[in-house]
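Each residue of the sequence shown is one higher than the one before, starting from 22 at the first, in the working numbering.
Do not take every clue at face value.
[Stated by the list, open to error] Derived DEER-like restraints, expressed as beta-carbon distance ranges:
#, residue 1, residue 2, range
1, Q129, G163, 28 to 36 Å
2, G177, S61, 16 to 24 Å
3, T108, N173, 29 to 37 Å
4, N76, D142, 20 to 28 Å
5, N155, N76, 36 to 44 Å
6, I55, D140, 15 to 23 Å
7, A188, N71, 13 to 21 Å
8, Y126, G177, 16 to 24 Å
9, N173, T106, 32 to 40 Å
10, D34, S77, 19 to 27 Å
FYI, nobody ran anything at the bench for these hints, they're computed from the structure.
Every residue gets a Cβ at the ideal spot worked out from N, C-alpha and C, and that includes glycine.
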Amino acid sequence: MDVIQKGFYNTSDRLNMRDTVTVYLRSNTTPYAIVDSARSVIDSLTFKGNFTFQNSSPGNYYFSVKHRNCIETWSSNDEYFTSWTPTLYSMTFGSYSAYGNNLKYLAQFRYGMYSGDIDQDGTVDATDVSAIDNDASNFVGGYVVTDLTGDNFVDGTDFAMADNNAANFVSVIQP
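With these hints in hand, go ahead and build the complete structure from the sequences.
And the structure:
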């Protein structure tokens with residue numbers, strides 16, 4: 022699967038760092054229960070991660086993708102999946118790859134998951150923005166959830182990104 026975390030994406034067509042993403046296989050009928058999950062590190066050059074699902078039967082599933090500080094993003098449609106056949110899916114070529122077109126345009130043929138949902142409640146809001154502002158004011162650095170850009174430092178860039186997404190009411194869009 023190809024995934025870009027918007028905040029990590031830079032003008033060199035790379036991610037500022039490699040990071041872990043979790044993909045959930047979800048039933049294609051309401052309430053869209055989680056059937057299986059897998060984790061992988063997304064490569065900073067290719068945007069690819071290899072996800073191995075062990076506990077699912079062949080069938081149609083939605084993929085939902087979660088990253089530690091991004092909005093959960095769902096595949097646009099349910100996809101046929103078997104655990105023994107590789108399934109290729111890209112959430113990077115167009116907003117149509119995500120349910121409700123819930124991807125941010127980054128560059129030609131590059132779309133990414135919205136950054137800023139640090140409390141993972143499904144929306145970028147004042148709670149997220151406030152936590153990022155506090156960490157920026159305290160010069161927090163390292164591998165922290167409030168570092169939206171992946172540069173190991175929380176600053177005004179992280180704050181501005183979350184603030185813009187909060188102002189635009191960015192949230193999870195799911196079936």
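Just pull the numbers of the violated hints for me, sorted ascending. 2, 7 and 10
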